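Chain by chain, the residues:
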Amino acid sequence: MPSPKPFGSSATPDFPHLTLKGGAIEFWLTGIVILLTIMFLGVPIAFSMALVGFGGLGLMIGWDPAFSMVAQVTLETGMDYGLSVVPLFILMGNLVTHAGLSDELYGASNAWLGHRRGGLAMATAVACGGFSAVCGSSLATAATMAKVTMPSMRRYGYADSLASGVIAAGGTLGILIPPSVILVLYGVMTQQDIGKLFAAGILPGLLGILGYMAAVWGVTWFKPELGPRATPMPMNERFRLLKGVWGILSLFALVIGGIYLGVFTPTEAAGIGASGALGFTWLRGKLNRKMLFSVLVESTHTTAMMFFILIGALLFSNFVNIAGLPSDLSDWVQDAGLAPLAVIGLILVIYLILGAVLESLSMILLTVPIFYPLVADLGFDLIWFGVIVVVVTEISLITPPVGLNVFVLRSVLPDVSTQTIFRGVLPFLLADVFRLALLVFVPWLVLVIPEAMG
Amino acid sequence: MSSENLEAATAVSTSDWLGKALGLIASAMLLSMMALTFFDVIGRYLLNAPIPGAFEITEILMASLIFAGLPLVTRSGEHVSVSLFINRLPPRALRIQNVVTALVMASVLVVMTWRVWVKATEMAEYGDETAYLFIPLAPVGYFSALLIGISAVLAVAQAVRVIRHP
Numbered sequence: 000m001p002s003p004k005p006f007g008s009s010a011t012p013d014f015p016h017l018t019l020k021g022g023a024i025e026f027w028l029t030g031i032v033i034l035l036t037i038m039f040l041g042v043p044i045a046f047s048m049a050l051v052g053f054g055g056l057g058l059m060i061g062w063d064p065a066f067s068m069v070a071q072v073t074l075e076t077g078m079d080y081g082l083s084v085v086p087l088f089i090l091m092g093n094l095v096t097h098a099g100l101s102d103e104l105y106g107a108s109n110a111w112l113g114h115r116r117g118g119l120a121m122a123t124a125v126a127c128g129g130f131s132a133v134c135g136s137s138l139a140t141a142a143t144m145a146k147v148t149m150p151s152m153r154r155y156g157y158a159d160s161l162a163s164g165v166i167a168a169g170g171t172l173g174i175l176i177p178p179s180v181i182l183v184l185y186g187v188m189t190q191q192d193i194g195k196l197f198a199a200g201i202l203p204g205l206l207g208i209l210g211y212m213a214a215v216w217g218v219t220w221f222k223p224e225l226g227p228r229a230t231p232m233p234m235n236e237r238f239r240l241l242k243g244v245w246g247i248l249s250l251f252a253l254v255i256g257g258i259y260l261g262v263f264t265p266t267e268a269a270g271i272g273a274s275g276a277l278g279f280t281w282l283r284g285k286l287n288r289k290m291l292f293s294v295l296v297e298s299t300h301t302t303a304m305m306f307f308i309l310i311g312a313l314l315f316s317n318f319v320n321i322a323g324l325p326s327d328l329s330d331w332v333q334d335a336g337l338a339p340l341a342v343i344g345l346i347l348v349i350y351l352i353l354g355a356v357l358e359s360l361s362m363i364l365l366t367v368p369i370f371y372p373l374v375a376d377l378g379f380d381l382i383w384f385g386v387i388v389v390v391v392t393e394i395s396l397i398t399p400p401v402g403l404n405v406f407v408l409r410s411v412l413p414d415v416s417t418q419t420i421f422r423g424v425l426p427f428l429l430a431d432v433f434r435l436a437l438l439v440f441v442p443w444l445v446l447v448i449p450e451a452m453g
Numbered sequence: 000m001s002s003e004n005l006e007a008a009t010a011v012s013t014s015d016w017l018g019k020a021l022g023l024i025a026s027a028m029l030l031s032m033m034a035l036t037f038f039d040v041i042g043r044y045l046l047n048a049p050i051p052g053a054f055e056i057t058e059i060l061m062a063s064l065i066f067a068g069l070p071l072v073t074r075s076g077e078h079v080s081v082s083l084f085i086n087r088l089p090p091r092a093l094r095i096q097n098v099v100t101a102l103v104m105a106s107v108l109v110v111m112t113w114r115v116w117v118k119a120t121e122m123a124e125y126g127d128e129t130a131y132l133f134i135p136l137a138p139v140g141y142f143s144a145l146l147i148g149i150s151a152v153l154a155v156a157q158a159v160r161v162i163r164h165p
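As given, the protein sequences belong to chains Y and X, one line each in that order.
Using numbering that gives the first Met the number 0, the first residue of the first sequence is number 0, and each one after it goes up by one.
Using numbering that gives the first Met the number 0, the first residue of the second sequence is number 0, and each one after it goes up by one.
Some clues are possibly wrong.
[Claimed, not checked] Straight-line C-alpha distance at most 27 Å; calculated DSSO-like pairs for lysine-lysine:
{"hint": "1", "chain 1": "Y", "residue 1": "LYS285", "chain 2": "Y", "residue 2": "LYS242"}
{"hint": "2", "chain 1": "Y", "residue 1": "LYS222", "chain 2": "Y", "residue 2": "LYS285"}
{"hint": "3", "chain 1": "Y", "residue 1": "LYS146", "chain 2": "Y", "residue 2": "LYS285"}
{"hint": "4", "chain 1": "Y", "residue 1": "LYS285", "chain 2": "X", "residue 2": "LYS19"}
{"hint": "5", "chain 1": "X", "residue 1": "LYS19", "chain 2": "Y", "residue 2": "LYS289"}
{"hint": "6", "chain 1": "Y", "residue 1": "LYS146", "chain 2": "Y", "residue 2": "LYS289"}
[To be verified] With the Cβ distance kept under 7 Å, some of the chain Y side facing chain X (calculated, not the full set):
{"hint": "7", "residue": "LEU35"}
{"hint": "8", "residue": "LEU50"}
{"hint": "9", "residue": "SER274"}
{"hint": "10", "residue": "GLY278"}
{"hint": "11", "residue": "VAL296"}
The hints are simulated quantities; they were obtained by calculation from the structure and are not laboratory data.
No experiment lies behind these values; they were computed from the predicted model shown.
Note that the Cβ used here is the ideal one computed from N, Cα and C, for glycine as well.
Using the sequences provided together with the hints, build the complete structure.
Okay, here's the thing in structure tokens:
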């Protein structure tokens, strides 16, 4: 369903000085330096970007058009139909978190894997992947799965480092396996099809689960005492527990299958998914007025916070675009005679550095508008690039010093130290780096499913 | 620690009704968005009767939800920021940082309020409305401006609170 643009028709600001091109390098470079400075001085990221974006625009195109742009970007972003997926998927994820579906998921994967060496940790990786299939947030996935899996792993004598490491790493799959809020925002910014982006996340997500299982296998190969075997379950019990995951599976099939087959638009799928999640919460007797209200309020907080980062990022990217940053970048790349893959390598290094200090969503909203024109220029597929950006962001979620998933785990598991978690995460980081390289060199792995959509 | 508790307590007592009211509004918007989408899809596929102009209502609900959420996020200091270096500041410098940050936020919000308000009056003048249901858009603009304005006030209040409580 196309959305008409109600705003801007009456008072689109025109930009008389738009001819200002080239020689504006000092403009955007200064802008970026000021942005980073005030961000590190603790001004919230959304406000830093809005401030620098607005200031830069005012100096370049005049204050009147800059003022108009502030109003236009603010209102248009708030009313963008394409973005209405975001609050609905956030609501769905928060409802699923409270519905207790995570218990069954872990119960089932545990029944099949628990008796192996490190099996409970492998089961955790699988359950995190499963939970990611109905939740679009990495932090929520890590926090939810920690509550279910950590007590069980401790009971069987698993080392805290391995147990917390696999939860932190498994949780990162939340933003990759569809639905994914970050992929939606990427799609809106780069005008890519959300359905295709979601489809592209599936196989890399499965690879992620396999990679984490391999990491567990490797760690317990050297130190079996970190992850002892649990008693095997009889086959009929295993199948009984497997049936418990029908809730998650049907929700995933309905939402993602619906988008994939073109039955629903992403917004419709998100609305149906949130309603379905509400239904499950009710079926399980977990629904009451107090819980519903707190879930709704929590979801609106998250939504409002994200939208203001987006508004700030849009103002900032308008500024750097008018200052000619994308064309300057292309020129540099051409002058330097860099191979396209070398450029991707450089971009990934920048992400790893930024990811070590910036929160993931802000990092993506800030950088994607800068990089995607260049990446498209070099002939890369933007669906592929979206998945690559998300995978590198997953890595940043578990990298010190600002590995957000690690800090979420700290708040859920106050008795495990940050160092222990970071130590436990190391093998999984290796698996992630390997997966990232694989996806960069074999784009087919990302693109085969979305291309089948036609 | 105790000063933090005091701050939290005063914040709750002075603006809890505001928080509750905004929370209710935003929650109602979100729940309506969900219900609207659900019944639109059901209507379209099962009864061959989608809700007319559902997407226009969705857009308006979403704008209201986001702008009603902004004061809540601002009040509870949930805007994401980089705390890596701030955490290492001595208490005195940290207080100055808190005040300056709150004032920077307030000034950005004031500019936004003003310009969104101007935009809303323009929309009222031009009689801007949605394409299908002819819902006038100016009220959405005024509503947004008002809530951004409240957020600005809350940011200033934050600065004042830090200055007052040593």
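Do the hints match the structure? See the list:
1. Y:LYS285 / Y:LYS242: holds (20 Å)
2. Y:LYS222 / Y:LYS285: violated (41 Å)
3. Y:LYS146 / Y:LYS285: Distance ~17 Å between LYS146 of chain Y and LYS285 of chain Y Cα, so the pair holds.
4. Y:LYS285 / X:LYS19: holds (23 Å)
5. X:LYS19 / Y:LYS289: holds (13 Å)
6. Y:LYS146 / Y:LYS289: holds (21 Å)
7. LEU35: violated (9 Å)
8. LEU50: Holds - the Cβ of LEU50 of chain Y comes within 7 Å of chain X, reaching about 6 Å at its closest.
9. SER274: holds (4 Å)
10. GLY278: Violated. Min distance 10 Å.
11. VAL296: holds (5 Å)
Going through the hint list in order, the structure does not satisfy hints 2, 7, 10.
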